[in-house]
Amino acid sequence: MALIEVKAETTGMVWKIGVKLGDRVSEDDTMITMESMKMEVPLLAPEDGTVKEILVKEEDPISEGDVAIILEV
Amino acid sequence: MEFKKILIANRGEIARRVISTCRKMGIKTVAVYSEADQGALHVREADESVLIGPAPVAQSYLNSGAIISAARETGADAIHPGYGLLSENGDFAAECKKSGIIFIGPPSQVISDMGSKIEARRKMMALGVPVVPGSEEAVDTLEEALELAQEIGYPVMLKASAGGGGVGISILSSPEELEKGFQNIRDRSRLYFGNPTVLLEKFIESPRHIEVQIAADQFGNVVHLFERECSVQRRHQKVLEESPSPFLSEDLRDRLLASAIQGVKGIGYRNLGTMEFIFGQNGEFYFLEMNTRLQVEHPVTEAVTGLDLVEWQIRIAQGEQLPLSQERINSQGHAMECRIYAEDPVRLIPSPGTISRLSWPMDGVRIDAAVEEGTVVSQYYDPMIAKLVVRGEDRQETIGAMNRALSQTQIEGIKNNIPLLLNVVHNDQFIRGNYSTGLIADLLKAMKKKGR
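These protein sequences, in sequence, are chains A and B. All letters in the first sequence, in the order written, are residues 1 to 73 by this note's numbering. All letters in the second sequence, in the order written, are residues 1001 to 1452 by this note's numbering.
Source of the hints: derived by calculation from the structure; they are not laboratory data. Every residue gets a Cβ at the ideal spot worked out from N, C-alpha and C, and that includes glycine. No incorrect hints appear here.
Residues of chain B placed beyond 12 Å of chain A at every Cβ, according to the derived structure: (1) 1118; (2) 1138; (3) 1183; (4) 1197; (5) 1244; (6) 1322; (7) 1355; (8) 1356.
With beta-carbon atoms standing in for the labels, derived distance ranges: (9) 1306/B <-> 26/A: 54 to 60 Å; (10) 73/A <-> 1372/B: 41 to 47 Å; (11) 1128/B <-> 27/A: 47 to 53 Å; (12) 1448/B <-> 67/A: 22 to 28 Å.
The following residues of chain B were derived to be distant from chain A, with all beta-carbon distances above 10 Å: (13) 1053; (14) 1100; (15) 1246; (16) 1249; (17) 1251; (18) 1407; (19) 1410; (20) 1450.
Here chain A stands alone, though its shape is the one from the complex:
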């Protein structure tokens, strides 16, 4: 078991969080949808795992490189 940090790929706002603590996700599942420059930007699960920690709330501002979710894989 290892923990990996899933980081925002661009700067914007957290629009929707589609996962809860403990959720099982598969690679490429959308965990969070951000809004940046009037577009939806999905934050995808980099691999299969379990959501261990959610570090952002909906409507939070978020910068490129900020850790949004910690995944146990």
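Fit chain B to the given chain A structure using the hints.
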């Protein structure tokens, strides 16, 4: 009346574009700006400027009250809305009128009618303009959607009635997908547009998007300014436009232009507007929507006709007749525009940030841009930062000129889509003129494979 002062209710390159024509016509300009746009080029170039609110557009560029107050305080005769933002907001046009300010665009009722896809479709059908097979009314329940989809055949498309620019569109190829996607698109429609109403229609495979520029005055004169081919799109947003369309035969072009004029004549239109059509590969075409404003890609038409479309808009709004009759409007040569977006060229993820270095192409390229070295490209606004426009004697020469223009443009500090645009102009299908709106998706697959 002749306008003495115009307020531009927009930002970025289009605000600068409007300022440049006003200056040519001897009209004073007022810029409005948000806190994020202090010191922006459009603000510096206007004769006057008014701060209208914080960075988010809802509090600044969409704040109609603040914009109308700014127009009153500065004594502007008219407001030019540019594109996007308030440009297709019928209520805003009505508010302007109530405040004694001329809105440079069509009457508010026409904006509202054409802004509703349901109403626009109904009107066009009644006028004998072909429309895509689909729902005439909002589809409110999944059962209705499934029944209609069965009738017209899959794949079908669900789209937000109040949407535009590709936001709020979903393509579904089976009843299972429709069942899964229906509620989702209603939720997104409500969130983005404040209205959950969705429409369902037949999805045309490998389609082309071709639009017709029209102009109408208050005396009932309507002309077309030929077509623009807009099939190069990413996520339903245009990336490259050209005129003439390489897809149209003379006969098909004539029928298209006639349909566009027929539709516009029947709705009491005034000022510039664009009739968008979707073409199936067999050449059948259907009305998609009407844009009741200046288009982003209007320079393509300006390049082939030699006309200044913003000047036309202003003259029509001043109550003048159309500057030219149909016989005197000609299209010569070939023109092409590329939109430069601040985004990852392969993954299409937006890339706000500071432009650390910027170098534009040499002579012979029209550059409509809103950025310079040191500009902070804000996360709050659309990612389009510039348009490159070239003209040649024929399509081949024009593609060559665009290739050079793109190769000579250097933007550092933010990611941009020039690598993708270069792939487009090098693509065989594109060069042959034989492409559909799926071109970029195919190119992206190939680019991802190459790992660049």
